[in-house]
Amino acid sequence: MKRLLVKAGECAVSTDPDVILEAKSLGSTLGVCVQDLSRGVAGMAVVVLPRIPPKEDGTDGFRALDAVSGLQNLFLDCLAAGAQREKLDVWLVGAAQFMEEPKDMALGVQVYAAARKVLEKNKIKVRGEHVGGQVNRSVELAVSRGGLKVRLGGQKEVNL
Amino acid sequence: MSGHSQPDFTLEHVFVNLTELPTFPKVVHRALSLLDDPNATMPEVAEILKYDPSLTANILRITNSAHFGLSRQVTGLETALALLGQNQIREILTASASMPYLQRSLQGYDMEPSDLWEHSIGAALTAEVVAEYRGYNDPALAFTAALLHDIGKIVMNIHVGGRIDEILAVANQERLTFAEAEWRVLGGDHAVIGYEILRQWEFPPIMSRAVRSHHDPDLYVQDELSALLALSNILTVQLGIGVGADGFRYNISPRLMERLKLSRTDIHRCMKRALSAYRKAGDILALYQAAGDGGVQDPGGR
Chain A
1492 MKRLLVKAGE CAVSTDPDVI LEAKSLGSTL GVCVQDLSRG VAGMAVVVLP RIPPKEDGTD
1552 GFRALDAVSG LQNLFLDCLA AGAQREKLDV WLVGAAQFME EPKDMALGVQ VYAAARKVLE
1612 KNKIKVRGEH VGGQVNRSVE LAVSRGGLKV RLGGQKEVNL
Chain B
164 MSGHSQPDFT LEHVFVNLTE LPTFPKVVHR ALSLLDDPNA TMPEVAEILK YDPSLTANIL
224 RITNSAHFGL SRQVTGLETA LALLGQNQIR EILTASASMP YLQRSLQGYD MEPSDLWEHS
284 IGAALTAEVV AEYRGYNDPA LAFTAALLHD IGKIVMNIHV GGRIDEILAV ANQERLTFAE
344 AEWRVLGGDH AVIGYEILRQ WEFPPIMSRA VRSHHDPDLY VQDELSALLA LSNILTVQLG
404 IGVGADGFRY NISPRLMERL KLSRTDIHRC MKRALSAYRK AGDILALYQA AGDGGVQDPG
464 GR
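Which chain is which? The protein sequence lines are A and B, in order.
Per this note's numbering, the first sequence runs over residues 1492 to 1651.
Per this note's numbering, the second sequence runs over residues 164 to 465.
Possibly wrong hints are sitting among the right ones.
Said to hold, decoys possible - PhoX-like cross-link-like pairs, simulated, lysine-lysine; straight-line CA separation at most 25 Å:
#: 1; chain 1: A; residue 1: 1647; chain 2: A; residue 2: 1578
#: 2; chain 1: A; residue 1: 1493; chain 2: A; residue 2: 1546
#: 3; chain 1: B; residue 1: 443; chain 2: A; residue 2: 1594
#: 4; chain 1: B; residue 1: 443; chain 2: A; residue 2: 1546
#: 5; chain 1: A; residue 1: 1616; chain 2: A; residue 2: 1578
#: 6; chain 1: A; residue 1: 1594; chain 2: A; residue 2: 1546
#: 7; chain 1: B; residue 1: 424; chain 2: A; residue 2: 1546
#: 8; chain 1: A; residue 1: 1640; chain 2: A; residue 2: 1616
#: 9; chain 1: A; residue 1: 1546; chain 2: A; residue 2: 1578
To be clear, the hints were calculated from the coordinates, so they are not data collected in a lab.
In this text, all values refer to a predicted model and were calculated from it rather than measured experimentally.
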């Protein structure tokens, strides 16, 4: 199997059945995983910010810097690769939090809420999620298999 | 659990063992002192450094990183020093000298072999971004403090080692931060050890104090460098760069943003710029493969 690493602020889509999409050490960023198993399409975005900060020029080439552009790019890439919107499964992983954090510094909470808002606005349901808490996560999504694998702090594994 | 949760004064042994920790290269301290001397010249700085071949090699590798933006590949020390600014030279010297210490695996903190190097470089780049954003007068000092902020972990790792489960159990049961649980189980934490190491390495007191304070919400709001370092570490963890078992098990002071006069939007801007800087510094991160203990296929994975 070939591994395709998706870094913070990036998104990737594959139709290669031998590919596993992987995001390591998500921290407070949000891994958005998408799959149309019937069409053999899978995609992953690692979203960093709820929105692009005002007066900040562009995204510096990051395709998933914020929830709005990141989800838009991810879904458009999946559809362009042959996925059908109504058959897409969506999972959310990451968005870790510190034990106590001021609201304005709660990046995980902010980016999760922003992504949820985009998904709800577009009437896209979430099949499963593993988010929040003081847990650093990594995630894997195999193009040819349904479901995804979440690794917690490099130790335990959970299948969604 | 209570029988295991009392301090066992391991910290005493930690401080005894500090004498066995390799010292920070004296030539680098001498070079840094020369940079403060208005009468000193770059050839004099190069003269001090050139007799340490591994240090020189590290300096040239880091100098040629895209992060430092030189228009051509540099192969000689004197040329490198002539082309770089004072702050850049300071950052490169410290990073080069720190490489042997920061490229170690820390099983005690559940950190993979490349994690400490990635986290240290990530925090240093973030500190530089935040310092420049804030108009802090010495971004190179912020870079250096952040680069070395977790140096105490390499000593504590020996002692945390087999007791990581105990520390995490105490933290979970009593809802303690990782540092509080470290104190409860071991009688010390990596920030205190880091302070002592940097004091022995003769770094400025303001810097060792910032390292001492970087997980203590009451302390790090007391001065600007400490606040800046604490924030840089937090943002680096949130970006998922080199996160260990202790990663999110801390509290953030509600006064931190106020201390640095930063809004939520400011934080997001710094985060975006830090991520860009981190991506640009991919070749510095790749030095882990060149000089570390290997075994990692994609050290710049985040």
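Cross-check of the supplied hints:
{"no.": "1", "hint": "A/1647 to A/1578", "in the structure": "violated, 30 Å"}
{"no.": "2", "hint": "A/1493 to A/1546", "in the structure": "violated, 40 Å"}
{"no.": "3", "hint": "B/443 to A/1594", "in the structure": "violated, 30 Å"}
{"no.": "4", "hint": "B/443 to A/1546", "in the structure": "holds, 22 Å"}
{"no.": "5", "hint": "A/1616 to A/1578", "in the structure": "holds, 11 Å"}
{"no.": "6", "hint": "A/1594 to A/1546", "in the structure": "holds, 22 Å"}
{"no.": "7", "hint": "B/424 to A/1546", "in the structure": "holds, 18 Å"}
{"no.": "8", "hint": "A/1640 to A/1616", "in the structure": "holds, 19 Å"}
{"no.": "9", "hint": "A/1546 to A/1578", "in the structure": "violated, 38 Å"}
Checked against the numbered hints given earlier, this structure breaks hints 1, 2, 3, 9; the rest are met.
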